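**Student:** With the sequences and hints as input, model every part of the structure.
Protein chains: 4
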Amino acid sequence: MTPTPPRERLPVAVLGATGAVGQTFIRLLADHPWFRLAELAASERSAGKTYAQAARWIGDAMPEQVRGITVLPCDPAQVKSPLVFSALDSSVAGEVELAFARAGRLVLSNAKNFRMDDDVPLVIPEVNADHLGLLEVQRAKRGWSGGIVTNANCASIMAVMALAPLHEAFGISRLFVATMQAVSGAGYPGVPSLDILGNVIPFIKDEEPKIETEIRKMLGRRSDTRIDLADIRISAHANRVAVENGHTVCMSVDFGTHVGADAALEVLREWRGEASARDLPSSPARALVVTDDADRPQPRRDVDAGRGMTVTVGRVRADPLFDVKLVAMGHNTIRGAAGASVLNAELLVSTGQAGPA
Amino acid sequence: MTPTPPRERLPVAVLGATGAVGQTFIRLLADHPWFRLAELAASERSAGKTYAQAARWIGDAMPEQVRGITVLPCDPAQVKSPLVFSALDSSVAGEVELAFARAGRLVLSNAKNFRMDDDVPLVIPEVNADHLGLLEVQRAKRGWSGGIVTNANCASIMAVMALAPLHEAFGISRLFVATMQAVSGAGYPGVPSLDILGNVIPFIKDEEPKIETEIRKMLGRRSDTRIDLADIRISAHANRVAVENGHTVCMSVDFGTHVGADAALEVLREWRGEASARDLPSSPARALVVTDDADRPQPRRDVDAGRGMTVTVGRVRADPLFDVKLVAMGHNTIRGAAGASVLNAELLVSTGQAGPA
Amino acid sequence: MTPTPPRERLPVAVLGATGAVGQTFIRLLADHPWFRLAELAASERSAGKTYAQAARWIGDAMPEQVRGITVLPCDPAQVKSPLVFSALDSSVAGEVELAFARAGRLVLSNAKNFRMDDDVPLVIPEVNADHLGLLEVQRAKRGWSGGIVTNANCASIMAVMALAPLHEAFGISRLFVATMQAVSGAGYPGVPSLDILGNVIPFIKDEEPKIETEIRKMLGRRSDTRIDLADIRISAHANRVAVENGHTVCMSVDFGTHVGADAALEVLREWRGEASARDLPSSPARALVVTDDADRPQPRRDVDAGRGMTVTVGRVRADPLFDVKLVAMGHNTIRGAAGASVLNAELLVSTGQAGPA
Amino acid sequence: MTPTPPRERLPVAVLGATGAVGQTFIRLLADHPWFRLAELAASERSAGKTYAQAARWIGDAMPEQVRGITVLPCDPAQVKSPLVFSALDSSVAGEVELAFARAGRLVLSNAKNFRMDDDVPLVIPEVNADHLGLLEVQRAKRGWSGGIVTNANCASIMAVMALAPLHEAFGISRLFVATMQAVSGAGYPGVPSLDILGNVIPFIKDEEPKIETEIRKMLGRRSDTRIDLADIRISAHANRVAVENGHTVCMSVDFGTHVGADAALEVLREWRGEASARDLPSSPARALVVTDDADRPQPRRDVDAGRGMTVTVGRVRADPLFDVKLVAMGHNTIRGAAGASVLNAELLVSTGQAGPA
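Chains as they are written, first to last, in the working numbering: chain A, 914 to 1270; chain B, 914 to 1270; chain C, 914 to 1270; chain D, 914 to 1270.
Some hints here could point you the wrong way.
In this list, chains with the same sequence are indistinguishable; a pair is considered to hold if it fits within one copy or across any two.
As the list claims (entries may be wrong) - Below are the DSBU-like pairs computed for lysine-lysine, each with C-alpha atoms no more than 35 Å apart in a straight line:
# : residue 1 : residue 2
1 : K993      : K1025
2 : K1025     : K1054
3 : K1025     : K962
4 : K962      : K1054
5 : K962      : K1118
6 : K1123     : K1054
The set of hints was computed from the structure by calculation and includes no laboratory data. Since the model is a prediction, treat every value here as computed from it, not as a measurement.
**Tutor:** Below, the structure written as structure tokens:
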């Protein structure tokens, strides 16, 4: 079943367009078949300038079509697009995203502010597309016609992509997670080079609690009006390493009842995820790829799989303490941030939950 | 109680002197107050050359006094020193170390070959000095007057330094370990730069089983003729990162009974280790230092603490799954390899278990 | 004028197929529109194995179609393709390439052995396509129907791409070159990580003399039977840096007569290179791109321009000592090695100098 | 001739004490035999806090004795020490340093503001100690009893250390310089990791003009009231590389008349620099060391030579274009910044130009 594209490209806006995640949004949306990058918004400091003047572009080359766009303030009175991608910092995302939702816009947010709210879906299309049903709850409860849909913290997304098949098949009860996260996860300028060259920083502010809660929500079950968090006890260790892109996540998984590595491997290999999430413009051929190489996945070698939307899993093996150990790795600014929001938007459009009336 | 130094410096030899660990031995022994670096041995390829000709020196500058030493083959008929440090690769260490022990020499080995043998002590002086008593068992059983004393795998040593106080105080029952290990742990030339620049390799050959067993032996209790492995279930994840020196180890520790982070912290802060291990030439002022900084220990900033002999512990906090989470970091080629062997030798000499009759 | 493709894909072979450059050849040829990757050859050690068994693949994923190919020895009696790409090490390239040329094959060589021979063309299609005329001289002189065409050292190629327009327009008389070269230029395993992490190595064996001579040949003028080296005095400083891909080359250029930075810039911007080199399958849209950003080109950000075939030039400015300073950067294993050979082959085929009779 | 130490330790202050260079000053002065680190000053934002509260310490561990010092504003009414080390940013250094000099203090400045002023000495003790005579000119001209003594840009210092012996012996007429500079040269937070991991940035703001002028002043000759710049035409290329500490400088040197590499080598080996600069507390055993290793100096391996005060020179060889090529490398925050100022201060004290009346 191929999803139906919209008849014409929907105008979309990016809030926080000058930052690192904002730039990734622009790269992903610059030639998007369903969306037309109509508006860019950022802080007052940038508003009124052209995007080329306002942004210090981090990557290879700024897409031509955005250079001349005049940056708007993050104000729904001036930003008119019905679909809005938010790359805002959490210090301002709360207020701004609420304003846009109240103004009837659908906000695809990458910020942490509303992720754990009872009526806000925290979505990975292949994993829990049905959580989007919360949007109706949200509209009813908050009395707005817009909405807020969030994607999780980048490290949590990598973990959940690998855990979803296992949780579906066997039920996870306990989980140990140790991450090695890329510097791009901290934005730009982000991590000073003096802090990370030849170094490991065994601490990322607020990251461990996010991992320990967001995974449970994404793997949770939707009841009528809320998500029942999955009953998993999680311990996370978050580390920053000298890698540009790609978060690596080591996990030990306990299922309560014995599950062998072979059974886990088979489930991981066969998993395709939600049918509705396939064949969207940003969907990779395979959302989850299992590697047989003993020393993979590796960020530098596997991060671009599926144009950054594939999570690679490897080293699935027996765990002397829990049941199974494994390693998952994926692109933190694409699958783990901007690409996640774009995929969420595509799912909303293709399922008629967003787009032209 | 200050240990008594030997009346004159004991002649010692280094086997495998040209490799990376061998070079660290040379650096540590070049001006040692108790030992005189009398002989250097290496493979047949190097034997007969001067050390300056035979070795490609990795570090800053080769100590002057070894440049002209003629490299010997690893043969106890030619290497005469009573105390022998082995930096041999495990592919040859087995046979050579046996030959030296049979010839009445005391071998301080950094190789894995005999570490888990019932009658071979696996020692960190501050932690389990009493395991050296196995030497007598070994001599009785094997009928030699020499002996083999081993130190553990580098990552296991960092872990044990932090775990020993906790195990002593509360008894550890379950343990998660995720390591981020420096490239120097793989020797020279070791890890190709194309494999590790901007990358993480989530695999180190044979490392995880070593960690899962060696920790149990070092924390084990000595009975008359053997070591009873500590009854700890361990799961290890070993990773290679782009760090020159310093293995970082994230751990989640379960004590069976509830232990809070504060109690663990207090125990870690107060621990001094075995009295007999203090004030040896290679002993650091503190074998274990607890840092209060939220983002430490870090390899680049803490690796040289105590001239590479101090292990730094930080981020001691409650674990949602087990009892306590923490991070330990130490210098893998000093505290985790050559320095460990040298400290073992110093302990043997100061306790009269080695040295002049 | 679009070049005429061959009617059917020509069978080609790669010699030295298991090494780093060999792997880049395979990546570039795996889906080539004009060439069919028919044969892979390597050392005796690999011969007889499948390619998947014989090669330790360095990059992301080995192309499926080569996994099962049986590796042949580097022997023209067994390797039948008329067009042969040589990624051989210079220690063996001399003999093997001669054998293939004598057997009537056209060898596109990446090795240094014959580069400076009087009758061997050293070619960058956009710069000196006419040097290929030496092939006839070579055949006449050596009495073979095959031939050897070489491409230059990777750093020399980056320099020449930026210098060719300037030399054409103004004539270069003196040149300073300081390079910062990526580790991939040393092959695999190549540079040990302990040598390059957080480091610069101000030395690359044999590199400076290559740069000082090869540039002069490529910019030289073809007379009937030989190339007259360009009359440029060159001083090169070659350095290795902790970069995966992309050689950066700083140059100061003297023209004998005064040339300003603006004039140089204009020439660089307008240059398109030889018409016959455009629109080949591996030709980038622009072989040379001039960047206006004050801090570019940068290897990580610009190395993939033109799928690795574009050289980016920046910081064109007045030089207080010579006339103009500038920086050039390009992909050393693509434009600087395998891609260079492939482009040479495409030019030979499109101009009727190779291919089906 | 051993310099006479002051009878008691002189109280000194550090301006800009919280930044990266300020921290290096603190590390060098914490246990200085001649100076007592009496006062720390920084911006208004930090003033009033303890140093431990005000500074984010970059290195291993903050010296205990400074933790509790209350940070003062950069105001000579509040900072009383007669000797003041300035690690101020150039945006504020101008005004503040003038105020201190006017208030009768001797300012040892690391900032660029006054370096090229006619009456301000730009000093490396081993090279041009006699330039300090300008202090009298400065006092006469500016009517103050204090003074400003500067040290050069870090890259210029490395170059001059290697060039001084050659200029003395043969007279340099033309110079090509290409630098590869460590990230610590940009302070903290300084270079974002996303900009430099696996990358080279071929641009450092304002650096090339500094190198092209400061070298000429340091190698200039003092006439009665001014320094006659050395008559050298210089072209500099400045690059940032992924190195923590240590600037590497490649140079080609022309002497007008022919000088061979052997003659240059001999001069470099024999050079000891100004007698008055020897045996100061911060003087290294050798200010300049010539290495014979073909691939040295290297920042990671040689940067700590002479506790960061030795510059290592290597690869002295014939230049096909000028006379001699060579590579110099030294510690940019020690010999190239804070250590340079401290050594200047020691020279002033030992020669009676500063200190107790």
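**Student:** Against the earlier hints, flag every one the structure doesn't satisfy and list their numbers going up.
**Tutor:** Failing hint: just 4.
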